[in-house]
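The sequence shown: position 54 = 54 (the UniProt record's numbering), numbered continuously.
No wet-lab data here; the hints were simulated from the structure.
Model, not experiment: these values are computed from the prediction.
A few of these clues could be false.
[Stated by the list, open to error] With a straight-line Cα cutoff of 30 Å, these simulated DSSO-like cross-link-like pairs (lysine-lysine) come out:
no., residue 1, residue 2
1, K48, K66
2, K219, K323
3, K878, K778
4, K372, K242
5, K468, K523
[Said to hold, decoys possible] Label pairs and their computed distance ranges (CB to CB):
no., residue 1, residue 2, range
6, D292, I852, 24 to 30 Å
7, P688, D292, 36 to 42 Å
8, K371, S456, 26 to 32 Å
9, Y204, S361, 51 to 57 Å
10, E158, D300, 56 to 62 Å
11, L183, K231, 26 to 32 Å
12, K742, S536, 37 to 43 Å
13, Y178, T67, 23 to 29 Å
All C-beta atoms in this analysis are idealised placements derived from N, C-alpha and C, irrespective of residue type, glycine included.
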Amino acid sequence: MKARLQELEAQLKLGLDGVRMVGIWGVGGSGKTTLASSLYMKISSNFKGHCIVDNIREESTKHGLKTLQEKVLSSLLNTQIKSESVEVGKRLIRSRLSRSKVLILLDDVDDIKQLDALAGSHYWFGSGSRIIITTRDEHLLRTHKVDHVSPVTLLSHEEAIVLFTKHAYNKNSPVSDYEKLSLRVVSYAAGLPLALKVIGSFLYDKNEKEWRSTLARLKDIPETEILKQLKISYDGLRPTEKELFLDIVCFYRRTNIEGIVDDTMDIFEACGYYPHVGIKVLRQKALITVVDNSHGVWFDMHDLVQEMGHYIVRGEHPNNPEKHSRLWKSEEIENMCFGDKTMENDEIKGIRYFSRSSYSSLFFKNLSNMKKLRWLYVYLSRNEVDNIEGPNILSNELRYISFTYYPRCPFPDGWRPIKLGVLELCWSLQKELWKGYKLLPHLKVLVLQCMDSLLSTPDFDGLPCLQKLKLELCDVLKEIHSSLGRHTSIEDISITGCEQLRMFPTIVQMGNLKTLEINTCPKLLEFPEIKSNMKSLVTLSLSCMGIDLLLSSIGERCANLVSLRLWRCFFLKSIDVNFYGLKHLEDFTLNGLDYMKMPDGLRISLRHWYGSRLSIWLQFVFPQLRKLDLRGCGLRDGEIPSGIGELYNLLELDLSGNDFTRLHISFSQLTRLELLRLNDCNQLVELPKLPSGIVILEADSCKSLATVGDLYTNCKRLCHVSIMKGVLIEGERLLDSMLQAKTIENQSMFLCVEGLGIAKEFMPPLVRGGTCRLKLPKNWCSDFCGFLMCAVVTAEFSDYHSSIVMSMDHMMSGGMYYADDVIWEEGDNDRITSVWYVSFASLRHTAWWNEIYQEVLFSIHLHDYVCSGVGVRLVARKSGSYGLTETSPTQEYEISKYAPNFKIGHDSQYALECGFLLWEGMPLLFSPLPKADCLQ
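Go ahead and model the full structure; you've got the sequences and the hints to work with.
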């Protein structure tokens with residue numbers, strides 16, 4: 001509480017003139033009123049007048065806003081004030097208080113009209129006045145333009161124990177095994193003060209058996225008083241927002257939606273939820289959070305908020321799942337299978353079913369009776385569906401279907417899915433989805449994956465609104481229905497691993513197509529003929545195909561193409577693309593095309609095919625190019641297109657896996673280049689003079705590399721360098737240079753090099769293993785700008801870019817987890833040193849950040865690899881730069897988008913897991929990590 005009070009008091013800026021409004025926002029029962037009241041009592045003596053308006057949500061409903069205005073005026077002016085109306089009350093507050101320094105606490109606001117009536121403007125109050133507002137709705141605070149919104153922080157583990165003990169511990173009649181039982185309650189409450197108070201007070205006079213009975217009951221029947229408080233936010237939602245919230249509660253909590261976020265939005269759109277605004281409302285009401293961290297992207301919420309949602313879904317029939325609007329427990333669904341198979345069910349709207357036994361045929365019979373079903377997610381197993389029939393009918397109300405292992409039969413003939421928006425099938429046994437033509441007028445997304453028996457795709461004329469088509473690993477599919485080529489709504493097509501696919505439809509009219517990706521279809525021998533302009537196509541990616549010719553129509557019909565990627569199309573004989581027509585191309589990839597097979601059987605080097613021609617294209621046709629990828633093209637000395645040096649807009653260049661000894665390219669004009677990859681260039685002996693603005697350099701496994709040139713002195717923006725399995729560079733010198741970067745205090749940094757020079761000189765010395773402690777001096781958060789970590793890795797460590805896990809745990813008083821502080825000594829297999837820097841600017845927003853802690857436990861985990869030593873130290877802040885830790889537009893160097901993007905995994909007040917997204921599009925460097933023992 002002390003730290004929270006200090007932080008909130010700091011936001012009031014009591015020493016300054018002017019009027020300041022500060023809002024405290026959070027879920028019901030999170031301690032907003034307690035925090036605000038405590039601060040009010042602490043500072044109220046500093047004001048000429050002060051007033052608390054309690055429970056505004058209920059009081060304004062019962063007595064009206066005019067009564068609350070009169071209360072404010074009477075309290076602050078020490079005399080009875082009456083008002084004729086709300087409008088008159090506004091004028092009275094403005095005229096009577098505009099010269100007074102006052103403190104007002106407005107508690108539990110839930111309507112903007114309440115703020116307009118009680119504190120309509122800063123100008124209503126005298127200089128020095130402070131207005132504190134508590135609410136469950138962040139939107140109200142933003143709309144009212146308060147000066148600061150302070151999200152309430154739930155209690156830490158230790159704070160929760162203290163609060164619970166205050167209410168539950170009966171010293172006159174102590175419960176045996178109290179400590180263990182109390183920890184179960186603290187875990188259940190998950191930091192919510194209201195839950196700790198309510199349950200603690202209830203248990204105060206109970207014996208051990210009654211404690212255990214209560215804990216067992218809470219698993220199935222939540223405490224009514226807690227749910228009542230939490231449900232207030234739900235009751236304030238619109239009908240569509242309520243339905244959206246309940247769907248997230250039952251089906252989407254902690255379900256990774258990374259990569260399918262747009263599809264999830266399509267599902268919600270199909271359900272009529274208007275999700276882009278609906279999700280924002282739910283977040284502002286503190287009912288859900290959207291987590292975007294190392295483990296993916298998902299919806300989350302407090303455990304008790306989810307329990308409240310489940311309670312609403314079960315309604316008045318908690319033990320009768322047939323009466324629930326949504327089903328997600330497999331046991332309940334399977335119990336239903338033994339009920340009446342003939343009775344129609346108009347209650348169930350959504351089902352998520354993971355089969356645990358052979359009830360599929362019974363499940364399908366029940367499914368046929370659910371006439372209002374709109375959301376269906378089913379995961380069966382192959383042995384369940386080999387010899388059974390599917391449902392004889394499905395709900396025409398369905399908006400979303402995701403089915404794994406649907407039976408062999410097509411979907412029912414009588415099914416009219418006119419509202420279906422998303423259809424996803426995986427491992428289904430069907431040869432065709434349905435017989436003949438079927439109209440699905442609202443289907444936007446069709447995903448068919450791993451359908452080993454699929455022989456044909458639907459007639460796309462029946463899917464007029466289709467926007468996304470994904471065909472993946474459909475092994476026997478030979479052709480796609482020709483109607484796709486004249487589809488006017490399709491935007492994204494992805495075809496992967498369809499090994500028997502021989503033909504893609506002629507493109508007659510696909511004016512809205514934005515992305516076309518065809519990967520690993522070796523029998524697809526011809527690129528589709530394009531007969532109309534494709535003005536919307538921006539991405540074309542072809543890999544591992546059997547095509548031997550790229551038609552000139554690409555350049556003629558796809559004039560707005562931004563990205564063209566050719567990956568390992570080994571049978572290409574010629575590329576007749578009219579590159580002069582691609583005026584907007586920014587991303588060009590030729591990967592693995594080291595030799596072209598010519599008609600006479602000769603294998604011609606790329607140099608003879610495009611050498612000077614590509615240079616001309618690069619120089620005069622592609623001056624706007626941002627990304628160029630020529631990996632694995634077998635380029636030797638003299639074969640690198642010289643036109644690369646003329647690409648003054650180039651940001652990324654990848655020449656990995658080639659055979660040149662030197663880069664005979666002038667980098668002098670590549671002033672915008674920020675990323676250079678030269679991995680696996682085994683013949684490369686030296687690096688050229690690189691642009692000063694380079695941010696990321698990779699030169700791993702360059703076994704002949706002997707020198708890195710002026711890398712130490714010329715490249716002042718480097719924040720990611722990896723040079724392993726090659727030259728032994730002066731690591732300490734490079735590290736010092738990287739730490740001098742102008743933006744270092746606001747971004748992260750990563751360095752991985754061969755050798756142990758950095759590790760041997762690192763201070764304080766590295767300790768053995770993967771865990772170490774760091775004592776923090778006073779004012780550590782203001783005198784220093786970040787943590788610098790160093791680890792030594794054994795020689796077997798090869799896949800570095802997918803294996804770092806880092807956690808930082810506060811050392812609690814009485815904790816039992818201690819690091820082994822034996823000093824690291826070099827071992828026979830120690831080969832690689834990795835260093836990474838985490839700026840305080842990237843930590844200040846976390847729940848973990850707390851300036852009062854004095855010691856931190858760091859743990860580095862490399863999965864299957866051995867971390868033989870690890871160390872950590874603080875990096876001193878540059879003189880006079882404290883104010884720059886928040887990114888400022890006046891910085892000399894803008895932080896690059898290629899800088900390592902620091903990501904948070906687990907975040908709590910006592911533990912943090914973190915890692916890096918090295919640059920846009922790269923995989924994360926870490927995965928889930930258990931909490932330290934002392935935090936369990």
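Query - Straight-line alpha-carbon gap K468 to K523, limit 30 Å - result: Distance ~23 Å between K468 and K523 Cα, so the pair holds.
Query raised in the report: Does the Cβ-Cβ separation between L183 and K231 fall within 26 to 32 Å?
Result: With a Cβ separation near 27 Å, L183 and K231 satisfy 26 to 32 Å, so the hint holds.
Query - Distance restraint hint 56 to 62 Å, applied to the beta-carbon atoms of E158 and D300 - result: 23 Å Cβ-Cβ, so the 56 to 62 Å window is violated.
Query raised in the report: Is 37 to 43 Å right for how far apart the beta carbons of K742 and S536 are?
Result: holds (41 Å)
Report task. Given the hint that K219 pairs with K323, test it: the Cα-Cα distance must not exceed 30 Å. Result -> holds (21 Å)
Query raised in the report: At the C-beta level, are K371 and S456 separated by a distance inside 26 to 32 Å?
Result: holds (30 Å)
**Report entry** Verdict for P688, D292 (Cβ pair) under range 36 to 42 Å
**Finding:** holds (38 Å)
Query raised in the report: Quick one: are D292 and I852 within 24 to 30 Å, going by C-beta?
Result: Since D292 and I852 have Cβ atoms about 28 Å apart, the given range 24 to 30 Å holds.
Query - Restraint status (C-alpha distance of K878 to K778 at most 30 Å) - result: holds (17 Å)
Query raised in the report: Within 23 to 29 Å or not, the Cβ separation of Y178 and T67?
Result: violated (46 Å)
Requested in this report: Note whether the CB distance of Y204 and S361 lies within 51 to 57 Å or breaks it.
Outcome: At roughly 53 Å between Cβ atoms, S361 and Y204 fall inside 51 to 57 Å, so the hint holds.
Query - Hinted pair K372 and K242, Cα distance within 30 Å - result: With a Cα-Cα distance of about 17 Å, the restraint between K372 and K242 holds, given a limit of 30 Å.
Comparing the model with each earlier hint shows violations of hints 10 and 13; every other hint is respected.
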